[in-house]
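Peer 1: Protein chains in written order, with the working numbering: chain P, 2 to 311; chain L, 31 to 396.
It should be emphasised that the hints constitute simulated quantities derived from the structure, not laboratory data.
Since the model is a prediction, treat every value here as computed from it, not as a measurement.
Idealized CB from N, CA, C, for every residue including glycine.
Hints are not guaranteed to be accurate.
As the list claims (entries may be wrong) - These stretches of chain P come out as covered by chain L in the derived footprint (C-beta under 8 Å, 3 or more residues):
1) 93-101
2) 107-117
3) 130-142
4) 253-266
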Amino acid sequence: MNEASLIGLFEATVSFGALLYLAALGEMIAEKAGILNLGVEGMMAMGAVTGFVVALQTGNPWVALVAAVAAGAMIGLLHGFFTVVLGAEQVVSGLSLTILGLGLAAFVGRGSVGEPAGAEMVSVDWGPLSDIPWAGPILFAQSPFVYLAVITGFVTWFVLWRTRLGLAIRAAGESASTADAAGHSVVGIRLAAVATGGGLAGASGAYLTLSLTPQWADGIVAGRGWIAVALVIFGAWRPGRVAVGALLFGLTLALKTRLQTFGVDFSPILLSMLPYLLTISVLVAISIRSRNRPSPAPAALGIAYRREER
Amino acid sequence: MNRPMGRRAGRPVLVRREQVLRGGQPLAFGIGLAVALVVGIVLLVGSGHDPMRVYERMFEASLGDPRAWSVTLNRAVPLGLAGLAVAVAGSMGLWNIGAEGQIMAGAVGAAWVARIGGEWPSPLLIAAMLAAAILGGGLLALGPAIARARIGVNEIITTLMLNEVAIRLVQWLVHGRWKDPDSHNFPLAPMLPDNARLPGLFERAHVGVVLAAIVILLFGVASSRTAWGYELRVAGSSGATARYAGISLERKILTVLVLSGGVAGFAGGIELSGTSDRITESLSNGFGFAGIIVAALALMRPSGVAAVAVLFGAVQIGGQSIQTMGVSSSVSTILQALILFGAIAAGVLSRYRVEMVAGDTTEVTS
Chain P
2 MNEASLIGLF EATVSFGALL YLAALGEMIA EKAGILNLGV EGMMAMGAVT GFVVALQTGN
62 PWVALVAAVA AGAMIGLLHG FFTVVLGAEQ VVSGLSLTIL GLGLAAFVGR GSVGEPAGAE
122 MVSVDWGPLS DIPWAGPILF AQSPFVYLAV ITGFVTWFVL WRTRLGLAIR AAGESASTAD
182 AAGHSVVGIR LAAVATGGGL AGASGAYLTL SLTPQWADGI VAGRGWIAVA LVIFGAWRPG
242 RVAVGALLFG LTLALKTRLQ TFGVDFSPIL LSMLPYLLTI SVLVAISIRS RNRPSPAPAA
302 LGIAYRREER
Chain L
31 MNRPMGRRAG RPVLVRREQV LRGGQPLAFG IGLAVALVVG IVLLVGSGHD PMRVYERMFE
91 ASLGDPRAWS VTLNRAVPLG LAGLAVAVAG SMGLWNIGAE GQIMAGAVGA AWVARIGGEW
151 PSPLLIAAML AAAILGGGLL ALGPAIARAR IGVNEIITTL MLNEVAIRLV QWLVHGRWKD
211 PDSHNFPLAP MLPDNARLPG LFERAHVGVV LAAIVILLFG VASSRTAWGY ELRVAGSSGA
271 TARYAGISLE RKILTVLVLS GGVAGFAGGI ELSGTSDRIT ESLSNGFGFA GIIVAALALM
331 RPSGVAAVAV LFGAVQIGGQ SIQTMGVSSS VSTILQALIL FGAIAAGVLS RYRVEMVAGD
391 TTEVTS
């Protein structure tokens with residue numbers, strides 16, 4: 002195990018961590034407003050294919066990113082329409098969104114399989130910072146997506162916990178009728194939150210096809226959307242803890258292809274079970290603890306709100 | 031109960047109908063199917079195909095003759111059993127999102143029995159395989175069941191997470207221990223011996239079709255005609271009522287979730303022994319997730335599950351057949367999701383009507 006391969010491991014940990022963090026933040030925002038969206042996998046696929054196809058046509062990765070965010074937000078809004086406006090079962094609608102998103106992405110991308118990327122995000126050059134040993138390559142030579150994820154994390158924290166808008170969003174997720182009585186539009190807040198979540202999942206998908214693995218293939222998201230869903234619980238609906246979880250789960254993704262290099266005789270497939278098993282353990286721990294104190298989960302999560310039926 | 035509604039002019043709101051429209055769910059399903067087919071036409075025309083020819087081919091390949099029916103019925107088996115698994119839990123207000131993984135666990139159980147009992151007489155071997163499949167699926171659901179019953183851990187997330195674990199368990203087996211030495215380094219387990227395969231029924235259909243139908247029928251009778259089924263529905267609609275009636279919630283949750291997992295595991299055993307003949311990473315190719323849509327469309331009722339499963343089987347088999355015409359099989363995936371979305375919308379409209387609410391002062395009586 003030499004220095005270069007360790008640096009490579011941590012660099013990949015940060016990259017994968019940011020990929021998961023973007024999608025998990027989006028899911029967290031939607032859940033904070035009371036909407037569980039199990040369509041992350043499908044929204045990421047839509048973002049990934051949209052980013053790739055638009056990059057092919059425009060050659061501009063930033064235009065591609067904007068298009069991917071828009072695609073994620075739009076398909077996310079479909080879930081919003083069904084669960085918020087029509088009051089449909091969130092679990093069913095979300096899983097159908099995953100199926101629809103994977104299907105649509107495969108359909109849109111069917112002609113682009115194996116094509117070389119039209120454009121890639123260039124890693125940010127931080128000048129002298131990028132030359133610092135260890136910290137330079139790990140933190141200061143990453144794709145713009147990584148810094149985007151960090152900024153989004155701070156903005157999410159600030160908006161949710163330090164602004165009136167954030168208070169309204171959290172109220173919609175804790176007690177929709179209270180938020181309504183306070184004069185907030187629960188429907189508007191929840192739709193906006195789901196659309197934001199979809200947009201961030203779209204950005205996460207675009208990170209795959211514009212930066213991490215610049216190509217399109219069916220199944221490119223490969224279950225990472227489910228990890229993002231898990232992360233929100235693992236991080237107890239708090240941006241800081243979700244970030245720690247993202248790095249931890251990112252480490253397992255980064256290790257998967259490197260176990261052999263490090264001479265570790267352990268199956269990478271078994272290692273990849275770890276995020277899911279850790280999430281289950283955390284969920285059990287939360288439940289045991291919340292016998293004495295309130296659960297960190299938004300109280301109205303998963304419950305449709307119809308004003309005339311409250 | 032009067033309440034001021036709306037702040038802007040011309041805002042649509044949903045108002046509950048006094049009576050649910052009749053013929054509700056089959057009609058909603060029909061509307062969903064129609065919506066899906068119309069969107070499908072747009073996609074097909076947009077990609078330069080003749081939609082009528084594509085739909086004709088899909089119909090012929092899935093429902094056009096006995097042979098097509100036999101393939102469709104085979105496909106309806108895992109879809110129907112997965113849908114039943116979801117419906118069994120759903121009748122009590124629980125969500126088993128883990129059918130995908132439980133199908134895999136069931137197949138692992140059955141494959142394991144086939145590995146040790148290769149010399150056994152066929153009926154004995156198949157019975158043991160299917161029993162192991164039920165056990166495998168039930169075992170995967172046992173953890174979430176205990177956690178939910180004892181300490182109230184949300185079963186949606188635990189069952190969902192275990193899907194990914196079970197799929198990776200199968201990957202681990204077929205990449206390593208169970209890899210066929212003659213597979214030219216492909217991650218494939220060896221083919222099952224002949225005596226481990228389900229006997230045929232007609233054309234390509236196997237006995238699993240009958241077994242699945244019996245299981246679905248049994249659950250249908252149990253849920254609508256027995257005290258057990260009644261207690262489940264009471265427990266699902268109100269925990270407090272159930273407690274007053276002396277129903278042990280903890281035990282009900284435990285048995286229902288494990289039973290649900292067992293049904294999904296059974297699907298995995300049949301799929302292995304009847305259709306796929308060897309265990310692969312893609313043995314449960316989204317059957318568990320499609321099962322959730324099937325159960326939702328059937329409103330969690332076993333009788334409806336069977337019918338919806340056959341239709342979804344037809345859409346899937348039809349979707350595979352159009353690949354020879356150069357049409358992406360993703361069209362069928364899209365159709366399946368759209369049927370559900372269309373049916374949800376239609377279902378909501380059978381219970382609510384849309385009213386335009388104008389201005390600040392409007393009062394709506396509900």
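Peer 1: Against this structure, judge whether each hint is valid.
Peer 2: For each hint, the structure was consulted:
1. Here's how the segment 93-101 of chain P fares: 8 of its residues keep a CB closer than 8 Å to some CB of chain L, so the rule of at least three is met and the hint holds.
2. Under a criterion of three residues with beta carbons nearer than 8 Å to beta carbons of chain L, the stated coverage of the segment 107-117 of chain P is upheld, 3 such residues being counted.
3. Given as covered by chain L, the segment 130-142 of chain P fails the check, having 0 residues with a CB less than 8 Å from a CB of that chain where 3 are the minimum.
4. As drawn, the segment 253-266 of chain P meets chain L at 0 residues by the rule of a beta-carbon pair under 8 Å; below three, the given contact is violated.
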